[in-house]
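Heads up: the sequence shown runs through residues 523 to 933, numbered per this note's numbering.
Bear in mind the hints are in silico, worked out from the structure with no lab data behind them. Keep in mind that a hint or two might mislead.
Unchecked claim - With a straight-line Cα cutoff of 30 Å, these simulated DSS-like cross-link-like pairs (lysine-lysine) come out:
hint	residue 1	residue 2
1	Lys861	Lys779
2	Lys861	Lys875
3	Lys597	Lys642
4	Lys607	Lys859
5	Lys871	Lys861
6	Lys629	Lys670
7	Lys908	Lys875
8	Lys659	Lys704
9	Lys684	Lys639
10	Lys908	Lys859
11	Lys859	Lys737
12	Lys871	Lys779
13	Lys830	Lys866
14	Lys607	Lys639
15	Lys642	Lys700
16	Lys830	Lys859
17	Lys670	Lys779
18	Lys841	Lys629
19	Lys779	Lys629
20	Lys629	Lys716
21	Lys684	Lys670
22	Lys841	Lys893
23	Lys861	Lys597
24	Lys893	Lys830
25	Lys629	Lys607
26	Lys629	Lys639
27	Lys629	Lys830
28	Lys642	Lys737
29	Lys779	Lys597
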Amino acid sequence: MKKTIKAITVATMIICFFIFGLIAFTSIYLPSSYNVSKINSLGRLSIFGISVKNESTNTKDVSNNLQDIETTKGKLMLGNIIPIKSVDINITENTMVIPGGTPFGIKVFTNGVMVVKIDKINVNSHSYTPAEDANIKIGDVILEVNGKSVTSNEDLVNCVNKCNGDSMNIILERNEQKISTKLTPVNSGNEQYKIGVWVRDSSAGIGTITFYEPKSGGFAGLGHGICDVDTGSILPLGQGEIVGARIDGITMAQSGKAGTLNGHIESGNVSGYVTENKNTGVYGVLNNCPTPFDPVSVAFKQEVTTGKAQIITTLDDNKPQYYDIEIESINYDDDCKTKNLVIKITDEKLLSKTNGIVQGMSGSPIIQNGKLVGAVTHVFVNEPQKGYGIFAENMLLDFDKENQIQEEPAA
523 MKKTIKAITV ATMIICFFIF GLIAFTSIYL PSSYNVSKIN SLGRLSIFGI
573 SVKNESTNTK DVSNNLQDIE TTKGKLMLGN IIPIKSVDIN ITENTMVIPG
623 GTPFGIKVFT NGVMVVKIDK INVNSHSYTP AEDANIKIGD VILEVNGKSV
673 TSNEDLVNCV NKCNGDSMNI ILERNEQKIS TKLTPVNSGN EQYKIGVWVR
723 DSSAGIGTIT FYEPKSGGFA GLGHGICDVD TGSILPLGQG EIVGARIDGI
773 TMAQSGKAGT LNGHIESGNV SGYVTENKNT GVYGVLNNCP TPFDPVSVAF
823 KQEVTTGKAQ IITTLDDNKP QYYDIEIESI NYDDDCKTKN LVIKITDEKL
873 LSKTNGIVQG MSGSPIIQNG KLVGAVTHVF VNEPQKGYGI FAENMLLDFD
923 KENQIQEEPA A
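Could you build all of it, start to finish, from the sequences and the hints given here?
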C-alpha cells in the first residue's frame, strides 16, 4: 500500500513539474500579441494543444493610415483549462494579396559605403593602421567625410585624395547608431593617400517575389534582407531597382553544397523600385502584377498548421508552378522573425530538378488551405530537402509599415 501511495505521489509530482515547466516555457516562448480578422476566429496553436481565448468584450481603437485595429484582451490556455498568460488580441481586416513565385532581378545601391575589410598599410618597412586607430570596424557604414555625403566608392576615394594627408572627420553608422571619428590617411608614396579600408556600395542578384498588393502596387520578396557577402550585415538601402530576370538552368543541391537557380538579369527592363531592405525581406513597388494568380488572404500565424502545404516557385521553364511540401514544425518566437517554419520538399517533380531548396528560391510563397502562410527563406545545407520559412504575417507587418510611411501627407 505504501509503495502504491509513494508511486502515485512521485507520478503526481512529475506531472506537476511537467505542467508547470510547460507553462513557464510557453509563457516565455509564445507571442504576447495575436492578430485576427474576427474574434471567433481564434483557434488552437500548433503546439502542446494551446489555444487563444477571448477574455474581454471591451476594445480600444488603434488607428493608422491603413486600417483601424481594435484591441482586446485574451489568454493563452493549456487544454482550455489552465491559463498561461494574458495576451493582446488585435482585430483587423483580412488582407488580400496576389501570391508571387516569379523571379526578379534586384540592383541595390547603398546609403553610404559599407566597410567590408580593414588592412594595414605598409610603407618603408613600417605598418600603419589608420582605420583601426579611428575605431572603424568591419560592417560600419561610412556616411560622411568632412561634411560631404559619401554614396559610392568613388566618393570616398575622392575625399581621401583631396585631404592631402590631413585628418578627416568621419560620420559612420554602426548598429543603427551614428558615430563621429577622426581618421588620418597615410601617404603610401608619390602623394597617394590610403586609409586601409575596403568598401562596397552596391549589390545585385536574383530572388523570388512573395506577394503583390494590387491596391498600392506594392510587393514583398525574398523573406530575408539583402546582406553583404563578406560581413553578413544588411546593406543599408540608398536606392534600388527591380528588373526582369530569367532562369536559364539549375545546379542541383547536394548534401553539404547548396544548389542554385542559374539565371540572368535583364538590366534594361526596369519593372519597379525597392524602397526598403529589412530583416524580413525587400519591399517596394512594381509597375505591373507579376503573376496570373487570383488573390488570397494572408494567414495569421495562429492559422498556420503542421502538415501539407505548397510552395510556388519558378524553375527553368520560367513559369510559376505549385509544388508539394510539408510544414514540419512551427516557431512562434517573436525574436526569430525569419525562421518561423521548418519545411520539407516532398514534390517528386521538384526534387528531380533541384534535389530540394536551392539559392534563388528565397521568397517563394507558401500556400496552405488557400491562404498565404509564409515564404521560403533558407536551406539546410546538409539536408537540402529541408529549410526555413517566414510567417507571411511578419512580412505583411513590415510591408504595411512601409506603405504607411509612403502614404503619410506631406503637410
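Status of each hint after checking the structure:
For the given pair, Lys861 sits about 20 Å from Lys779 by alpha-carbon distance, which is consistent with the 30 Å threshold. For a cut-off of 30 Å, the pair hint linking Lys861 to Lys875 stands: about 25 Å separates their Cα positions. Using a Cα cut-off of 30 Å, the hinted pair Lys597 and Lys642 is violated, with the two alpha carbons roughly 58 Å apart. A hinted pair counts as satisfied when its Cα atoms are at most 30 Å apart, and Lys607 with Lys859 qualifies at roughly 21 Å.
Pair hint Lys871 plus Lys861 holds up; C-alpha atoms about 25 Å apart against a cutoff of 30 Å. Proximity of Lys629 to Lys670 is assessed by CA-CA distance (about 24 Å); at most 30 Å being required, the pair is judged to hold. The suggested pairing of Lys908 with Lys875 holds, with an alpha-carbon distance near 15 Å, which does not exceed 30 Å. Restraint check: the Cα-Cα separation between Lys659 and Lys704 comes to about 14 Å, which is no more than 30 Å; the hinted pair holds.
Of the pairs offered as hints, the one joining Lys684 and Lys639 holds, with about 22 Å between alpha carbons and a cut-off of 30 Å not exceeded. Our distance criterion of 30 Å between C-alpha atoms is met by Lys908 and Lys859, whose separation comes to about 18 Å. Restraint check for Lys859 and Lys737: the C-alpha separation of about 26 Å stays at or below 30 Å, so the hint holds. Between Lys871 and Lys779 the alpha-carbon distance is near 20 Å, which keeps this suggested pair within the 30 Å criterion.
With a C-alpha separation of about 10 Å, the suggested pair Lys830 and Lys866 falls inside the 30 Å cut-off, and the hint holds. Proposed proximity of Lys607 and Lys639 is contradicted: the alpha carbons are some 47 Å apart, above 30 Å. At most 30 Å may separate the alpha-carbon atoms for a hinted pair to count; Lys642 and Lys700 meet this at roughly 25 Å. Between Lys830 and Lys859 the CA atoms are separated by roughly 22 Å; this keeps the pair inside 30 Å, and the hint holds.
Using a Cα cut-off of 30 Å, the hinted pair Lys670 and Lys779 is violated, with the two alpha carbons roughly 44 Å apart. Note on Lys841 and Lys629: the hinted pairing holds, with a Cα-Cα distance of about 23 Å set against a maximum of 30 Å. The hinted pair formed by Lys779 and Lys629 meets the criterion: a straight-line CA distance of about 26 Å does not exceed 30 Å. Among the hinted pairs, Lys629 with Lys716 is consistent with the structure: their alpha-carbon atoms are about 29 Å apart, no more than 30 Å.
For a cut-off of 30 Å, the pair hint linking Lys684 to Lys670 stands: about 12 Å separates their Cα positions. For the given pair, Lys841 sits about 21 Å from Lys893 by alpha-carbon distance, which is consistent with the 30 Å threshold. Of the pairs offered as hints, the one joining Lys861 and Lys597 holds, with about 25 Å between alpha carbons and a cut-off of 30 Å not exceeded. Restraint check for Lys893 and Lys830: the C-alpha separation of about 13 Å stays at or below 30 Å, so the hint holds.
A hinted pair counts as satisfied when its Cα atoms are at most 30 Å apart, and Lys629 with Lys607 does not qualify at roughly 45 Å. For the proposed pair Lys629 and Lys639, the alpha carbon gap of about 22 Å is at most 30 Å, so the pair holds. Among the hinted pairs, Lys629 with Lys830 is inconsistent with the structure: their alpha-carbon atoms are about 35 Å apart, more than 30 Å. Straight-line distance between C-alpha atoms of Lys642 and Lys737 comes to about 53 Å, which puts the hinted pair past the 30 Å bound.
In summary, the hint linking Lys779 to Lys597 is not supported, as the alpha carbons are separated by about 45 Å, beyond the 30 Å threshold.
Going through the hint list in order, the structure does not satisfy hints 3, 14, 17, 25, 27, 28 and 29.
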